[in-house]
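2 protein chains.
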Amino acid sequence: MSRLNELRMIARVAQMYHVENQRQADIASHLRISQATVSRMLKRALDEEIVRTTVVAPSGTYADLEAGLRDKYGIAEAIVVECSEDRDGAIMARIGEAAAHFVEATLQPGEIIGVSSWSETILKMVENIHPMKSGKAKYVVQTLGGMGDPTVQIHANQLTTRLAKLTGAEAHLLSAPGVAQSREAKLVLLGDTYVRETMELFEKVTLAIVGIGAIEPSSMLARSGNVFATRELAAVKEAGGVGDMSLRFFDADGNPVKTPLDDRVIGMSLGELSGIDRVIALAGGQSKTRAIHGALKSGVIDLLVTDKFTAGRLVSDNIEQHEEE
Amino acid sequence: MSRLNELRMIARVAQMYHVENQRQADIASHLRISQATVSRMLKRALDEEIVRTTVVAPSGTYADLEAGLRDKYGIAEAIVVECSEDRDGAIMARIGEAAAHFVEATLQPGEIIGVSSWSETILKMVENIHPMKSGKAKYVVQTLGGMGDPTVQIHANQLTTRLAKLTGAEAHLLSAPGVAQSREAKLVLLGDTYVRETMELFEKVTLAIVGIGAIEPSSMLARSGNVFATRELAAVKEAGGVGDMSLRFFDADGNPVKTPLDDRVIGMSLGELSGIDRVIALAGGQSKTRAIHGALKSGVIDLLVTDKFTAGRLVSDNIEQHEEE
DNA sequence: TCTATCCATGTATAAAAATTCACTACCAAA
DNA sequence: TTTGGTAGTGAATTTTTATACATGGATAGA
Chain A
440 MSRLNELRMI ARVAQMYHVE NQRQADIASH LRISQATVSR MLKRALDEEI VRTTVVAPSG
500 TYADLEAGLR DKYGIAEAIV VECSEDRDGA IMARIGEAAA HFVEATLQPG EIIGVSSWSE
560 TILKMVENIH PMKSGKAKYV VQTLGGMGDP TVQIHANQLT TRLAKLTGAE AHLLSAPGVA
620 QSREAKLVLL GDTYVRETME LFEKVTLAIV GIGAIEPSSM LARSGNVFAT RELAAVKEAG
680 GVGDMSLRFF DADGNPVKTP LDDRVIGMSL GELSGIDRVI ALAGGQSKTR AIHGALKSGV
740 IDLLVTDKFT AGRLVSDNIE QHEEE
Chain B
440 MSRLNELRMI ARVAQMYHVE NQRQADIASH LRISQATVSR MLKRALDEEI VRTTVVAPSG
500 TYADLEAGLR DKYGIAEAIV VECSEDRDGA IMARIGEAAA HFVEATLQPG EIIGVSSWSE
560 TILKMVENIH PMKSGKAKYV VQTLGGMGDP TVQIHANQLT TRLAKLTGAE AHLLSAPGVA
620 QSREAKLVLL GDTYVRETME LFEKVTLAIV GIGAIEPSSM LARSGNVFAT RELAAVKEAG
680 GVGDMSLRFF DADGNPVKTP LDDRVIGMSL GELSGIDRVI ALAGGQSKTR AIHGALKSGV
740 IDLLVTDKFT AGRLVSDNIE QHEEE
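Listed in order, the protein sequences are those of chains A and B.
Going by my numbering, the first residue of the first sequence is number 440, and it counts up by one from there.
Going by my numbering, the first residue of the second sequence is number 440, and it counts up by one from there.
The hints are simulated quantities; they were obtained by calculation from the structure and are not laboratory data.
Just so you know, not all the hints are guaranteed correct.
As the list claims (entries may be wrong) - If you only want the chain A side, here are some residues facing chain B, beta carbon under 8 angstroms, derived:
1) I489
2) Q547
3) P548
4) T698
5) P699
The beta carbon of each residue, even a glycine, is placed where N, CA and C say it ideally should be.
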């Protein structure tokens, strides 16, 4: 019985605090108890479930999927975007928008942004970033060489340059192909002063933005002019590779897949990536599901931006089912 | 679209704060924004109804009726107790329990309690108060004389004394009848040193506990041996009286009803009562509904403790219907 | 293109809330 | 009855949160 009277009082305190927006001190003097007691009663009210606080995600947001991704993969943050259809074009646009918003909102002054250029999704992101008048970022560093095809090469440069402009940063381009013809060719290219200067900035990057690729040739990869022979991609698959970030391949458990290809890629390595303060990955789509799974497993990603369909697939355990879909 | 991303972020912040119990500062550094912004987002979340806080009244409490009483009568607080049946005996017991709990929980150190002795409900309250080891209250002052019948007189003294003992206070008894035989007799009684000393404490009372009586003779009033002639009570009713507190009568609007009886009562006046910091009224029951209505209207009561049936009758506007029930 | 005004933000600070501390009462077991 | 542990309290303090203020950019109208 006394418990009921106690709960009545707690309920009243909760009412005054949460509904009537009174301060604890006022409630305390009104009820002739101490502020400390009011504070304790409010905690009690929470425990006793006299007050219930619910956070409802605004329609179009997927807090549950985000939590699922965070929990399953141990990543710091996940953003799951609304998307009307499970189609790559629509997905990339939405992911790009959300990523742009997030980067804008959280960019630190003096930040050094590393950006992988071989990603359509990142392109979409850059398209959605609003120009920041007062220079916020310090440098934007291209973390992967351009593509063989000169047209696409320009494209890649533009992405980096544009992002630099938008963020008020100085662009540091990687004036080299993403994939050299041979190991020896790579060494020659690395001899270039500008290339070396840019690559020396890799370890100073504070925010890396990467795309995640599936082994299946994407349209951009295709356009780049067969930098990897089909045979070579097959070898990567053979070795268990499921996807890449900046042309660095990994398997379903997130372990790097070492192949001779590695010696030809001019860009940031997975090891370098993992040393970066914030790594934001942008990817979504049916075909990339397994690749994203592996990428998340690798532990180098801090934040994933993806779509609700892909997030759903990732969270539901049966990733392997999608293997050959 | 940007609004949606903003809301998503707000939802996430709300999630981290309310569900995951993280501090604003931590959320801020996690998301690379300032603590101030987190605070604003949380306010925003409240406005946008992304977080919803509901206070659910524990079963057996009547927050709505209490709010109704507060609003309708402008009293500071109301306590409405659960009660299985609308019968005076059960009601008094419950009200007494609740009042005891409240007084225990809110009694200030050094408080001077004034207690009207002619109330069975107050008696029930005193029965339910737990002894407080370290003296909390300073004095317990009897605010109405005893009753003519010596047996009941003792009863009244006991109530005051017992309450004093329980609260660790010093009892100040009013060793005089509640109603003197005549105006002259009252003057004589007031000449008594002890009586005068107690009455001089009236204005120092910080917490008054009163019952509310209907004009209809209560069992205790009856037992007291017809202190008021039936004729006199009729006169009070004639003048619009609907009830009394400590034998001071008032009408349905809470205005004092002045009759020659006033000059014979030895106890605290309504004027003195209204000057007291906290006035707690204990009353419930079908027959007292109109009396309580009038008492609340008088504006001297700060807290009413009553039962759910009576509260329901009081809150539903049609008090006049109960006039002759 | 140039104001004037409006927002949004972060910093610094004020305000509010939670917690530590010291103490009291209470209870159960010795 | 004593003792040792638990629970609950308010005052003081610390921690956390909200706000006042100043700044810088965005926006709209001249």
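Against the structure, the hints come out as follows:
1. Interface hint at I489 (chain A): satisfied, since its Cβ lies 6 angstroms from the closest Cβ of chain B, which is below the 8 angstroms cut-off.
2. For Q547 (chain A), the interface hint holds, since its Cβ comes within 8 angstroms of a Cβ in chain B; the closest pair sits about 6 angstroms apart.
3. Taking 8 angstroms as the C-beta cut-off, the interface hint given for P548 (chain A) is violated, the closest approach to chain B being about 11 angstroms.
4. A cut of 8 angstroms between beta carbons decides the hint on T698 (chain A): the least distance to chain B is about 36 angstroms, and the hint is violated.
5. The restraint placing P699 (chain A) at the interface with chain B is violated, with a minimum CB-CB distance near 39 angstroms, outside the 8 angstroms limit.
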